[in-house]
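Taken in order, these protein sequences are the chains called A and B. First residue of the first sequence? That's 1 in this note's numbering, and the numbers climb one at a time after it. First residue of the second sequence? That's 1 in this note's numbering, and the numbers climb one at a time after it.
Where hints are given, some of them may not hold.
[Stated by the list, open to error] Counterexamples of contact, computed for chain B against chain A with all Cβ distances above 12 angstroms:
#1 M79
#2 I144
#3 S200
#4 R220
#5 L235
[Claimed, not checked] One-sided excerpt, in silico: chain A residues whose CB lies under 7 angstroms from chain B:
#6 Y11
#7 L24
#8 S57
#9 E73
#10 M75
#11 M85
#12 P88
#13 G107
#14 G130
#15 W134
Calculated from the structure, these hints are not laboratory results. Treat the numbers as computed from the prediction; the structure is a model and nothing was measured. Backbone N, C-alpha and C fix where the C-beta goes; we use that ideal spot for every residue, glycine too.
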Amino acid sequence: MAERSTTENIYPRNQKKSYALMELVKGQGFQTRKQPEDTVFVWPHLLYIELIAALVSLAILLWVCTFKHAPLEDMASSDTTPNPMKAPWYFLGLQELLVFFDPWLAGMVLPVFIIVGMLAIPYLDINPKGVGYWAWKERPFAIWTFMFGFLQWWVFIIIGVYFRGLDWQWYMPWDDWTQHKPSSGATLNDMNVILHGWGVGETAANLATYAMTIGYFALFLILPVLLWRKFSQQLGVVRYLLVWSLFALLMLSPIKVFLRLAFNIKYFMVTPWFKL
Amino acid sequence: MIDRLVTFIRDTQLWQSIFRHGYPETDRNQSLIMFSSVLLHLHPVKIKRSALRFRYTMCLGGLSAFMFLLLTFTGIFLMFYYVPDTRQAYNNIKDLTSNVFMGELMRDLHKWSAEAMVFLVWAHMFRVFMTGSYKTPREFNWGIGVILLTVTLLLSWTGYLLPWDQLALWAITVGTKMAEATPFVGNAGPWGPQLGFTISNDIRFLLIGGTVVGQNALLRFYVLHCVALPVIITLGMVVHFWRIRKDGFSGPL
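For reference, chain A alone in the conformation it holds in the complex:
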């Protein structure tokens, strides 16, 4: 509580008036740690920024147009097939996945999961912190997971754009891009064939690959609850299952890439209807 004399100094009591300053009180109110509302008019402050941003971006685009024209090749002809055939750059990540996955996965199922996963993000992230500013430390799991997916998308695009040449072979920027490269020669094997080669019976080998695939997802669904019990309880059953199955899917493509490059494994599971 402030001194009575201070209050008197600021607003001396006057007998003729029916109101007076009662007391100055030190303490914390609802406005603690908040600045007073510091607002400005949108006209002109925000509109200026918008106008400048628009003009600057237009100027940059016009400048690009002065030295780089939109590409136009020969007229479309089904007689000559270009090698390599490339999708537009923003889809080259998916096309690059074709090296590792069958088209139904790379072209359809994985993109659908990407979209569904992104739509689900706000409903799965229950951490209330880190709204309204660039925050790293307050939500490491969310940020690292998102970054991992985001980087995958762009890394595959960069590979597709800058490192894939004739016959979709790997070309370094300094390689001769007009010369065909011999295929690596390595034979790719399916997981069940490898197991069979080790002396496991054919049916047993097949069942083992099924079990390994189910085990992979089971691992992601069981381990977190054992490791992070409190976090898992906060998530609740539905969110928990969604978070970790989507997370397992997110890890799938790097794992598949690793299996292919390290062990020449083509599919880790073969069913009569589809191959993974």
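On the provided structure of chain A, position chain B as indicated by the hints.
Then chain B, alone, in the frame of chain A:
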């Protein structure tokens, strides 16, 4: 003299019917213009000073929207000179680059702003994630944003076919090959053949109107690119902007 003329013009019924208030240099008029202008009323009248900081939004969302406007403008220009006919399309583009006044500039601008829009929409999404702006109460608007991103990619992709050059034909051929592999509804996808889908009745056939990318595909992509998808993305943008106003800006307090 000039002052009197200005006053006279401002007092006419014509002027008063268009502009409801004076030039926005007073608080009152700066508020009124935000209410009375249909385009400006997307904005609030006042915002927090901290929300203006460039390094918070980096203008990414606004620039994405601006790219869309630029693409609409240049796209309408291009439509005057383009016929979606496999015998004409390529030559129309050739004409644009050599015979049409400003044709090449408009095509270049359309192309590069399209690329910029794809990049900016991705970058905007990255920013929104990193600043946690999708959290309650903005979950739904994040979802709208994801759909807008998807439609942006589809818009860019359908436009890719229209020049009808080798780049276009084979890029779309690669892309639609993937559609063929869709589970259940593609002739090469899991359970597609079992459900009776062949090359001439599956989802790819629906998309390109044939078994190969040809005249029907060009027409379909043209209509999707110039009419259907722009309508969808416009509706999405309307909801997206509306929700920013209704749910509040996530910026620093």
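Results for each hint:
For M79(B), the non-interface assignment is confirmed: its Cβ lies about 16 angstroms from the closest Cβ of chain A, beyond the 12 angstroms cut-off. Not every Cβ of chain A is farther than 12 angstroms from the Cβ of I144(B); the closest lies at roughly 10 angstroms, contradicting the non-interface assignment. Chain A leaves S200(B) outside its interface by the beta-carbon criterion, the shortest separation being 17 angstroms against a cut-off of 12 angstroms. With a minimum CB-CB distance of about 15 angstroms to chain A, R220(B) clears the 12 angstroms threshold, and the non-interface call stands.
Every Cβ of chain A is farther than 12 angstroms from the Cβ of L235(B); the closest lies at roughly 18 angstroms, confirming the non-interface assignment. Taking 7 angstroms as the C-beta contact cut-off toward chain B, the hint placing Y11(A) at the interface is violated, the least distance being around 29 angstroms. Contact between L24(A) and chain B, as hinted, is not supported at the beta carbon level, the nearest pair being about 26 angstroms apart and thus beyond 7 angstroms. Evaluation of the S57(A) hint against chain B yields a held restraint, the C-beta minimum of about 6 angstroms falling below 7 angstroms.
Given hint, E73(A) at the interface with chain B, holds; its Cβ is 4 angstroms from that chain's nearest Cβ, closer than 7 angstroms. Satisfaction of the interface hint for M75(A) is found here, the shortest Cβ-Cβ separation to chain B being roughly 4 angstroms, below the 7 angstroms cut-off. With a cut of 7 angstroms, the hint placing M85(A) at the interface with chain B holds, because the nearest CB-to-CB distance is about 5 angstroms. For the restraint placing P88(A) at the interface with chain B, the shortest Cβ-Cβ distance is roughly 5 angstroms, inside the 7 angstroms limit, so the hint holds.
Restraint check, G107(A) versus chain B: the minimum CB separation of about 3 angstroms is within 7 angstroms; hint holds. A cut of 7 angstroms between beta carbons decides the hint on G130(A): the least distance to chain B is about 4 angstroms, and the hint holds. Interface restraint check for W134(A): the shortest CB-CB distance to chain B comes to about 6 angstroms, inside 7 angstroms, so the restraint holds.
Going down the numbered hints, you'll see the structure goes against 2, 6, 7, while the others check out.
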